[in-house]
Amino acid sequence: MLEIWEGMKAATWLVLTFDADLVEIAMRSLFVTLSAVAIAALIAFPLGAWLAISRYRFRRLVIATLNALMGLPPVVVGLAVYLLLSRSGPFGVMGLLFTPWAMIIAQVIILTPLIASIAHQSIRDLWAEYHDLLISLNTSRSQRIKTLLWDSRRALLTAALAGFGRGIGEVGAIMIVGGNIDHVTRVMTTAIALETSKGDFALAIGLGFVLIGLSLTVNIAIHMLTGTEVRDRW
Amino acid sequence: MVSILPLTLSQATVSRREKRLLGPIDLTLEAGGITIVLGPNGAGKSTLLRLMHGLEKPSSGKLRYAAPRALAYSQQAFVFQTPVMLRRSVLGNLSYPLTTHKMPRAEAEKQSLTWLKRLGLGSHTSQRASQLSGGERQKLALARALIRQPELLFLDEPCANLDGAATRDIERLIIEAGASGTRIIMATHDLGQARRLADDVLFVHHGLIHEQSEAATFFDNPKTTEARSFLKGDLI
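Chain order of the listed sequences is E and G. In this text, residue positions in the first sequence follow numbering that gives the first Met the number 0: the first is 0, and each later residue adds one. In this text, residue positions in the second sequence follow numbering that gives the first Met the number 0: the first is 0, and each later residue adds one.
Any given hint could be a false lead.
[To be verified] Result set (SDA-like, lysine to any residue): computed pairs, CA atoms no more than 20 angstroms apart in a straight line:
| # | chain 1 | residue 1 | chain 2 | residue 2 |
| --- | --- | --- | --- | --- |
| 1 | G | Lys222 | G | Leu207 |
| 2 | G | Lys101 | E | Ser53 |
| 3 | G | Lys56 | G | Arg19 |
| 4 | G | Lys222 | G | Asp198 |
| 5 | G | Lys222 | E | Gln142 |
| 6 | G | Lys101 | G | Lys116 |
| 7 | G | Lys116 | G | Gly133 |
| 8 | E | Lys145 | G | Leu90 |
| 9 | E | Lys145 | G | Lys56 |
| 10 | E | Lys145 | G | Lys101 |
| 11 | G | Lys56 | E | Arg140 |
| 12 | G | Lys101 | E | Ile134 |
| 13 | G | Lys116 | E | Gln142 |
| 14 | G | Lys101 | G | Gly41 |
| 15 | E | Lys145 | G | Gln130 |
| 16 | E | Lys145 | G | Leu207 |
| 17 | E | Lys145 | E | Trp49 |
| 18 | G | Lys56 | E | Ser53 |
| 19 | E | Lys145 | G | Arg86 |
Read the hints as simulated data drawn from the structure, not as lab findings. Only a predicted model underlies this, so the values are computations on that prediction, with no experimental measurement involved.
Looking at chain E on its own, in the form it has when it is part of the complex (with noise of 0.2 angstroms):
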């Protein structure tokens, strides 16, 4: 107890005095994240859009494989990404390994099968409304994917925000390409592993603390701003 109570001093005390390292590592983490669920749902609400419409011969097979990848472990996720990225690797030459660009890209990885088999289920029930409909009206392919996209905005914005829950909070990739390096690739969740090996309990839970306020914050005013569980709304 007197752990967690000093770890919210800590976290209360990091905060209202807006410490430099706090706020460049809570930045970090921002970017990296928020980086790494724009790019994965420009890949994945069309991919759910097209696995929801689409009907080839393969098709469960492809959907139980996206559905099982939303499980993909982020330890060897980074294991791949730094073996592609690594000066021996094949995008070696672009030195990217232990950038915050490696932590993005092994994000992404990641990120998309999620936003995507969440994507397509929000978008297969539409699509079992709107099939007929949309059929009668004509549409092209491209036009039923932008209908459909537009809208379930909002449960894709749930999709997305389930890709930031799971990328703010993840250590195991992001570790192992970024490297943990001091005002480089530091992120919240790397700094909160490093400082529970050198026992600094305290200053871990701080950051555990402002982690989940982090989370809370950005999915709050996502919300917000986009108007959702408003009343009256759909």
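Once you have looked at the hints, place chain G on chain E.
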């Protein structure tokens, strides 16, 4: 403009899981007028409409339009028994068919507003379509089908579950559309409505067309036993 009519079905059938739902059907629909597809529940009226519209593919036989298929699909519309509303405003629902067919949004909304005023829905423009009453939704669905002035319009029991006032409004729109040259094929099992609207009648029973004749002939002198029983109100 190239006409998509006549529409021809040749030995067309629709089957699902080895069970034949419709056909074989041989039918030719020429331009002009209102054809009412009559028959009891489960007779195959909706399946016949869906087949002609292209929502169902024939399991065997052929469906032909007088124009290439892409043009034919762009010149027809369908109103479902339960109207499907897009998760948008009333205006957004009505302008959707126009904007998806390359009309600039401002022009599409201008046309839609004119339609909404005509329908008596002018005060509901920015309201969500899902909040409309059943009758208003069906009026909106019918307007959405008519706004591109299709040559061929299919209506699948559009007045089922509507009260008298809403039914009257829908029938008025159907008659106006028919008068302006839209060919209308409408399924119903409401005999009163069929008498009010029909120029000719297709009587469907057990997935087959039992009778095709002018409305007056059908109602005064039906040829088949099934049609006679149906008109008498017997359970068939």
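Now the hints, each set against the structure:
1. Lys222(G) <-> Leu207(G): The given pair, whose Cα atoms are some 15 angstroms apart, holds under the 20 angstroms limit.
2. Lys101(G) <-> Ser53(E): violated (24 angstroms)
3. Lys56(G) <-> Arg19(G): holds (13 angstroms)
4. Lys222(G) <-> Asp198(G): The given pair, whose Cα atoms are some 17 angstroms apart, holds under the 20 angstroms limit.
5. Lys222(G) <-> Gln142(E): violated (47 angstroms)
6. Lys101(G) <-> Lys116(G): Answer violated: Lys101(G) to Lys116(G) is near 23 angstroms, above 20 angstroms.
7. Lys116(G) <-> Gly133(G): holds (18 angstroms)
8. Lys145(E) <-> Leu90(G): holds (18 angstroms)
9. Lys145(E) <-> Lys56(G): violated (25 angstroms)
10. Lys145(E) <-> Lys101(G): holds (14 angstroms)
11. Lys56(G) <-> Arg140(E): Status holds; Cα separation ~18 angstroms.
12. Lys101(G) <-> Ile134(E): holds (17 angstroms)
13. Lys116(G) <-> Gln142(E): At roughly 28 angstroms apart (the allowed maximum being 20 angstroms), Gln142(E) and Lys116(G) break the hint.
14. Lys101(G) <-> Gly41(G): Roughly 39 angstroms separates the two Cα atoms, so the pair is violated.
15. Lys145(E) <-> Gln130(G): This hinted pair is violated, its Cα atoms lying about 23 angstroms apart.
16. Lys145(E) <-> Leu207(G): violated (39 angstroms)
17. Lys145(E) <-> Trp49(E): With Cα atoms ~10 angstroms apart, Lys145(E) and Trp49(E) stay inside 20 angstroms; holds.
18. Lys56(G) <-> Ser53(E): holds (17 angstroms)
19. Lys145(E) <-> Arg86(G): The hint holds at about 13 angstroms.
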